[in-house]
Amino acid sequence: MKNKLILFLGLFVATSVVALAQDNISPARKQAIDSLALEKVKDLSKYIAIIGNKETQFSEANRVMDRAEELFAPGAEMGVSSINTNEIAYYKVRRYFERLMALNYDKVNITWYDIQYVSDLERQPDGRYVGVITVYQRFEGTSIETGMNYKDTTKKDITIYVEKKQTQIAGRTIEFWDVMLGDVRVTETSA
Amino acid sequence: MRKSVLIFVFFITNIFIVSGQGIGSPGTIKDDGRFAASTKQLNQFFRRFNGEESIDGNKRFYPKDSLFQNPNLRKGFISLLFDNETSGISPDLKNQFIESVASSNFPQFLIFHRTGWYAEVDAIFNYKGKREDVTFIMKIQPEGLGYEWVIDQVVFEPFKNLFNKPIGSEKDFLHPLSHELGFMNMRRAFQDSENPESFTPTSYSPDYLAIFLYEMKQNNLRFETVNGVKFHFFQIGGWYFEVNQFNRPGYNTGWLISNLVKLGPGDKETLLRYIYDQN
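Chains as they are written, first to last, in the numbering used here: chain Z, 29 to 219; chain L, 6 to 284.
Hints in this document: simulated from the structure, not taken from any laboratory.
Heads up, the beta-carbon is just placed ideally off N, CA and C, and yes, glycines get one too.
Do not take every clue at face value.
[As the list claims (entries may be wrong)] Lysine-lysine pairs mimicking DSS-like chemistry, simulated, CA-CA at most 27 Å apart:
no., chain 1, residue 1, chain 2, residue 2
1, L, 135, Z, 58
2, L, 64, Z, 74
3, L, 144, L, 267
4, L, 69, Z, 192
5, L, 35, Z, 70
6, Z, 68, L, 35
7, L, 135, Z, 120
8, Z, 192, L, 64
9, Z, 179, Z, 68
10, Z, 70, L, 64
11, L, 64, Z, 68
12, Z, 135, L, 35
13, L, 35, Z, 82
14, L, 267, L, 235
15, L, 165, L, 144
16, L, 35, Z, 74
[Claimed, not checked] Example chain L residues on the side facing chain Z (calculated, C-beta under 7 Å, incomplete):
no., residue
17, 33
18, 34
19, 36
20, 40
21, 45
22, 49
23, 67
24, 148
25, 153
26, 230
27, 232
28, 233
29, 249
30, 252
One chain only, chain Z, in its complex shape (with noise of 0.2 Å):
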């Protein structure tokens, strides 16, 4: 009886760490995962560039919010602070989108800067897996009005949540990576 319990609780165990084992995410996957996520930030960052160009037209802005909005998982928010007060003001994604695009600059070049980091993913504790990737952008806004020239540098902290979904593909089920983005945090910096 007690060797049956053993055996028993050892096919248990065993069962267990293979199945810890699957949900850990190996160095491969994991770049992959990262690349899948740039991929994102990069969409988002094309958005944002189209979205404050001020030679885009209301309509095509708005569907390129659209767009843009579509890679946030519900209720994302940004997070903005600038030099002078840390304070956070907060910004639905829609409503920092919107902000964006009635700035009051007649030429406004949004650029990126070639450098990048990609945090480890954490799991929380609904399985899913959260990151963090952090890009530089350059933000230069020009007033021929009143010749004002706007320039600043922002860090965006960047929330991504992976999460393994499955999808029926010729009645065969497939498991694959998907990745959302969250709540960005935007950081004026001295730079």
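Given chain Z, work out where chain L should sit, using these hints.
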């Protein structure tokens, strides 16, 4: 000493000439090395401290990599993880710390999931119509399938004066034969006294977090914003250090060690009491 200088110069040179892996689209701005050198996330602080990324920051090292947690790599990284502009930590103390942490016989590492590190978050709340500073002490704990940050303590000035237990002859009390009167004199504690805390045990200390949560549920407290974060580390045996974010021009930026203390017996408990505002 000369060796440390050489390692430092080697690191600085390598970090500054990093090309980086940009988000890729044409027209990206080339980083002059400042953003590459910056410790951009606390996650990167952990990696650099433990020697788990390449000097140029382009590769995360795993146990199978030959340079994973390499002592010389760590020494170079840790020497760059100090705030060198404002904190005034002596070079001697830094060297003692680096030698102790990255020794080849008994190396010590930071472990994300282990206890012994805390976040201190400064926030602003609206309390009964007035903006008030609130400090939260937070820690990581396992929960469900992963981990979460939880509030371990709250420091809130308006609560501090709520409980000023008088001492000596000023302190009211329930006399030791109160039980013979069926505690009829409890009226003194709950009706006549302005300091009902006088009737609590010597060991009593108020649970400010419970009061804070209660006030939130009563809608007397409303969150406004966060305006600062720093981290306290006790994971390295015999040492305490504080990590702050430095947003300034130059190469010595990002998450850096702003305070370093070599701990003697009892110092850890004293510091923890200070951090938790329990003095």
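Right, here's what the structure says about each hint:
With a C-alpha separation of about 47 Å, the suggested pair residue 135 (chain L) and residue 58 (chain Z) falls outside the 27 Å cut-off, and the hint is violated. About 25 Å separates the Cα atoms of residue 64 (chain L) and residue 74 (chain Z), which keeps this hinted pair within 27 Å; it holds. Restraint check for residue 144 (chain L) and residue 267 (chain L): the C-alpha separation of about 22 Å stays at or below 27 Å, so the hint holds. For the proposed pair residue 69 (chain L) and residue 192 (chain Z), the alpha carbon gap of about 26 Å is at most 27 Å, so the pair holds.
Of the supplied pair hints, the one linking residue 35 (chain L) and residue 70 (chain Z) holds, its CA atoms being roughly 16 Å apart against a limit of 27 Å. Of the supplied pair hints, the one linking residue 68 (chain Z) and residue 35 (chain L) holds, its CA atoms being roughly 21 Å apart against a limit of 27 Å. Between residue 135 (chain L) and residue 120 (chain Z) the alpha-carbon distance is near 25 Å, which keeps this suggested pair within the 27 Å criterion. Of the pairs offered as hints, the one joining residue 192 (chain Z) and residue 64 (chain L) holds, with about 25 Å between alpha carbons and a cut-off of 27 Å not exceeded.
Using a Cα cut-off of 27 Å, the hinted pair residue 179 (chain Z) and residue 68 (chain Z) holds, with the two alpha carbons roughly 25 Å apart. Using a Cα cut-off of 27 Å, the hinted pair residue 70 (chain Z) and residue 64 (chain L) holds, with the two alpha carbons roughly 20 Å apart. In summary, the hint linking residue 64 (chain L) to residue 68 (chain Z) is supported, as the alpha carbons are separated by about 20 Å, within the 27 Å threshold. With a C-alpha separation of about 22 Å, the suggested pairing of residue 135 (chain Z) with residue 35 (chain L) holds against the 27 Å cut-off.
Our distance criterion of 27 Å between C-alpha atoms is met by residue 35 (chain L) and residue 82 (chain Z), whose separation comes to about 25 Å. Between the alpha carbons of residue 267 (chain L) and residue 235 (chain L) the distance comes to roughly 19 Å, so the proposed pair stays at or under 27 Å and holds. The suggested pairing of residue 165 (chain L) with residue 144 (chain L) holds, with an alpha-carbon distance near 23 Å, which does not exceed 27 Å. Proximity of residue 35 (chain L) to residue 74 (chain Z) is assessed by CA-CA distance (about 17 Å); at most 27 Å being required, the pair is judged to hold.
Interface hint status for residue 33 (chain L): upheld, as the beta-carbon distance to the closest one in chain Z is roughly 5 Å, under 7 Å. Restraint check, residue 34 (chain L) versus chain Z: the minimum CB separation of about 5 Å is within 7 Å; hint holds. The restraint placing residue 36 (chain L) at the interface with chain Z holds, with a minimum CB-CB distance near 4 Å, inside the 7 Å limit. Of the supplied interface hints, the one on residue 40 (chain L) holds, with its beta-carbon coming within about 5 Å of a beta-carbon of chain Z, less than 7 Å.
Because the beta carbon of residue 45 (chain L) sits about 4 Å from the nearest beta carbon in chain Z, less than 7 Å, this interface hint is met. Hint status for residue 49 (chain L): holds, given a least beta-carbon distance of 6 Å to chain Z, under 7 Å. The criterion of a C-beta within 7 Å of any C-beta in chain Z is met by residue 67 (chain L), whose closest approach is roughly 5 Å, and the hint holds. At a threshold of 7 Å, the smallest CB-CB gap from residue 148 (chain L) to chain Z is about 4 Å, leaving the interface hint in force.
At its closest, the beta carbon of residue 153 (chain L) sits 5 Å from a beta carbon of chain Z; the interface hint therefore holds under the 7 Å criterion. A hinted interface residue such as residue 230 (chain L) counts as satisfied when its beta carbon comes closer than 7 Å to some beta carbon of chain Z; here the least separation is about 5 Å, so the hint holds. For residue 232 (chain L), the suggested interface contact is upheld, since its CB lies about 4 Å from the closest CB of chain Z, less than 7 Å. Satisfaction of the interface hint for residue 233 (chain L) is found here, the shortest Cβ-Cβ separation to chain Z being roughly 6 Å, below the 7 Å cut-off.
Interface hint status for residue 249 (chain L): violated, as the beta-carbon distance to the closest one in chain Z is roughly 12 Å, over 7 Å. Residue-level restraint check for residue 252 (chain L) holds (minimum Cβ-Cβ distance to chain Z is 6 Å; threshold 7 Å).
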